[in-house]
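Engineer: What follows is each chain in one-letter form.
Protein chains: 2
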Amino acid sequence: MRKVTIYDTTLRDGAQTEGISYSVNDKILIAKKLDELGVDFLEGGWPGSNPKDLEFFKAIKKIHFKNTEVAAFGSTRRKDTPASKDLILKALVNSGVKHITIFGKSWDLHVKDVLMTSLDENLRMITDTIKFIRLKKIKAFFDAEHFFDGYKNNPEYALKTLIAAQDAGAQCVILCDTNGGTITSDVKEIISRIKESISVDLGIHVHNDNGMAVANSIAAVEAGCSHVQGTINGYGERCGNADLCAIIACLELKLKMKTIGHARLKELTEVSRYVSEVSNMKQQDNQPFVGTSAFAHKAGVHINAMVKNAQSYEQILPETVGNKRRFLASELAGKTSILFKAKQLSFDLGKNDKSTKKLHKQIQELEYEGYQFEAAEASFELLIKKTLKKFNKFFELDGFRVIVEKRQDDTLISEATVKIKVGKTRVHAACEGDGPVNALDGALRKALRDFYPELSGMHLSDFKVRVLDSKAGTAAKVRVFIESQDEKNSWWTVGVSENIIEASWQALVDSIEYKLLKEKETKK
Amino acid sequence: MRKVTIYDTTLRDGAQTEGISYSVNDKILIAKKLDELGVDFLEGGWPGSNPKDLEFFKAIKKIHFKNTEVAAFGSTRRKDTPASKDLILKALVNSGVKHITIFGKSWDLHVKDVLMTSLDENLRMITDTIKFIRLKKIKAFFDAEHFFDGYKNNPEYALKTLIAAQDAGAQCVILCDTNGGTITSDVKEIISRIKESISVDLGIHVHNDNGMAVANSIAAVEAGCSHVQGTINGYGERCGNADLCAIIACLELKLKMKTIGHARLKELTEVSRYVSEVSNMKQQDNQPFVGTSAFAHKAGVHINAMVKNAQSYEQILPETVGNKRRFLASELAGKTSILFKAKQLSFDLGKNDKSTKKLHKQIQELEYEGYQFEAAEASFELLIKKTLKKFNKFFELDGFRVIVEKRQDDTLISEATVKIKVGKTRVHAACEGDGPVNALDGALRKALRDFYPELSGMHLSDFKVRVLDSKAGTAAKVRVFIESQDEKNSWWTVGVSENIIEASWQALVDSIEYKLLKEKETKK
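One line per chain: the protein sequences are A and B, in this order. If you read the first sequence in my numbering, its first letter stands for residue 9, the second for the next number, and so on. If you read the second sequence in my numbering, its first letter stands for residue 9, the second for the next number, and so on.
Keep in mind the hints are simulated off the structure, nothing from the lab. Everything numeric in this text was worked out from a predicted model, so none of it was measured. Any given hint could turn out to be false.
Just the calculated beta-carbon pair ranges, DEER-fashion [unchecked claim]:
id, chain 1, residue 1, chain 2, residue 2, range
1, B, 124, A, 285, 42 to 48 Å
2, A, 234, B, 264, 47 to 53 Å
3, B, 530, A, 497, 55 to 61 Å
4, A, 208, B, 332, 39 to 45 Å
Beta carbons are placed, not taken as given, at the ideal position from N, Cα and C, and that holds for glycine.
This is chain A alone, in the form it adopts within the complex:
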């Protein structure tokens, strides 16, 4: 089985994503996760370019990694300066790593317009830098920046830069599509042309500006590369780097090659979500293999077929990569998805049962009013249990009031009061908040906390508002989705009303009822 080296650069190239800003601690958390996943290398940063990265390399020395080697990243020496006098290069070799990746120019346009030096001096910069690193007994990889653009412009010179790195002692030369504009057939064609001239390992590092980063990485492996660089979730500048989640899954499952090993594939979904959490980026729902929608079926014909044969609308079993199959409840689906969902909840309903018909009718009515359950599975579960009379109320609402006031001095106050009944006890609670819904959430929790202390373990994590039939202006109906999470799970709930406060209230109540229900079921 052919082995392909996985080189992760989430902490270096991924950190260039708009909206991502890692603390040293974030980087350590991600590094440990990458080690668990079993990538061969992780690129920690560019020591010397900023103090945060220097600190990371200091901190990481104390950590024992089981599967992963830490690599540092840096550029070739400055022009017309001996390598030994280059301070950034010095910081790099002193960072304590056993592998250094050096990026250098392969595109003559960059040598002339950006470095503003001669083509020969650029070759010397590559040679000197790699030799300097090798003399320190550190292994060297060479990132040939803009290799494909360079090759298209001046093939002879682009190749020379690779050979300079190879002859100076680089263990692997990596072909970079830095601007992400190369199409798949060109990647393959160019690699096949230069392959014979290179005796060390060939690597690939591509960006996604064409939307082809995954395909280009796989094509490069087919053409002979044995080292692939990318980032978790495809983070990276502009349109991102190649997504390692998809690359690892494709290499293992489609090309039958060894990367992290088949057994660890089932970690992929969790790693993707963990890294997106630490990066404070919402995971893309439709992300290949690991997104929450990646194995979600909505069309009625698809759901009917899936019930007959799971292979019919899925390229792989979702469990292979640690993901889950989901059947979405929607007007496009029908009774089948209701039955499937009910079965997951251990209710064995028949297609023509009274309860099934009642449920089906109720869902159709609610969808007509604007509810949408495909994205609010917790509300859907509550609806089923309530309709089947398998739900005991945790509390009853007597009323709520929300006041938003803007005063002359421009202060803005949001206050909510909630009156509820838990068993026979009446509770009246008040709370201020950052806005009306936030205040309402606070007041409801306050009212419930003495009865249900487990609620302190959950919080609201996402909030969406959709105006239905928006042409009715401010009197239009509004649909609110709320995502909540605790230590282990997250769940979505929905509310609909012409009044945005009421719609939010419905979703809030569902989210709390769902949490209480799950706690109760666990205790059983």
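Go by the hints and put chain B onto chain A.
Structural biologist: For chain B alone, kept in the frame of chain A given last:
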């Protein structure tokens, strides 16, 4: 120049996206936009499968499309039923379109396990259905569902299904990678093997479960396909369909083929954002070509190089596809568009005028807070006039209060009070409404009506809410857009706050101020 047909299925396959639920009106808005963009075909839906799609095809008959043909979608006839007796097929040919796309099974597994019929009957189902459509003088396309999976399993049979459709009169047979699990090299290899057996046009329709949908579509064109199906923004079930934005850009710019024509490429970014707005899906920041980060530069070395040569870190000029370059660190962009807008309003500002700098700084600050003026030009005009001190206040706010109350008997009341000053007169007005914003709108108008009777000629016509940084849950910032209209015009205004009532208030006040300003300017 080789022409490639673009076939959009946003309204049919794209509607399968988790979270998307189009009204008939949404579909019409998107259809008109697709016509402007100039795609060759748009697939409107599956008449007969649901009443909404039937309604759409009825409504669309009254619209004149300049560039685009509307196609309807449906399946082959039921097994063991004559085509003429198939009610869904009947609804399909009666939908009034000139093109119908029929999907049929190419994978023997599906024929056996899902259709549960014989391989021969499936071939007859294809033949009969296409012939039935052709007899009605309607053109037929054939979507060979799961073609690639089918070919891998039983190449001979998969090919037979294509030939059945071709012989029955289909104008184009489309190879579908329905489960999205085929890798690029297999797409190319399989097409090159079957190409010689097919004399009609070949099309490609792929899904993104491997993350390769764009690359696979382009590879298919290189291998001989002349018809490409996909959706705007890659919407679609599970991981989505192939993203037409990237495909169109790659075909035109990389393969130098003709699709919508080079001149219309600059509409791509706007179309992508418009469709995401109507679909109520956040556009992905890093979406190739059209995302807001697609040409955003963050790394210092990149920005330094970009200043020297714009080609150094961009695959194409962003303007080619209607997008913009952004430097995230230095925030230099934007002045040109301010000057342009000011000029439209008859203010002749110089690039280095004090006013320009002040205006530029203020807009940057507001955009940083979450305001967006591209879609709220009335607010933008007010901002310019206020900053240049060309605006006299029509009224001043002393305060407002909004109360939403839910009582024990389930009645829900929304009441707003507004205190304002018009000249030296203080006014205090109260109003109930269908929700808090509606009540606030009512109270403000009540307070103003004696002073500005012209306000009775305007009303709010649209209302949109977008949660920014939704990870903060119910304490997240909210952006509200309001559209207002009078007899002649309509205009959009914007407000941003952590408090949805305050954000709505800002947009309400802008909308009224804008109306009063226009009335005043007309009187002059």
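Engineer: Would you mind marking each hint as holding or not holding in the structure?
Structural biologist: To see whether the hints hold, each was checked on the structure:
1. About 44 Å separates the C-beta atoms of residue 124 of chain B and residue 285 of chain A, a value consistent with the hinted range of 42 to 48 Å.
2. For residue 234 of chain A paired with residue 264 of chain B, a C-beta distance near 33 Å fails the hint of 47 to 53 Å.
3. For the pair residue 530 of chain B and residue 497 of chain A, the supplied restraint of 55 to 61 Å holds, since their beta-carbon distance comes to about 59 Å.
4. Separated by about 41 Å at the C-beta atoms, residue 208 of chain A and residue 332 of chain B satisfy the suggested range of 39 to 45 Å.
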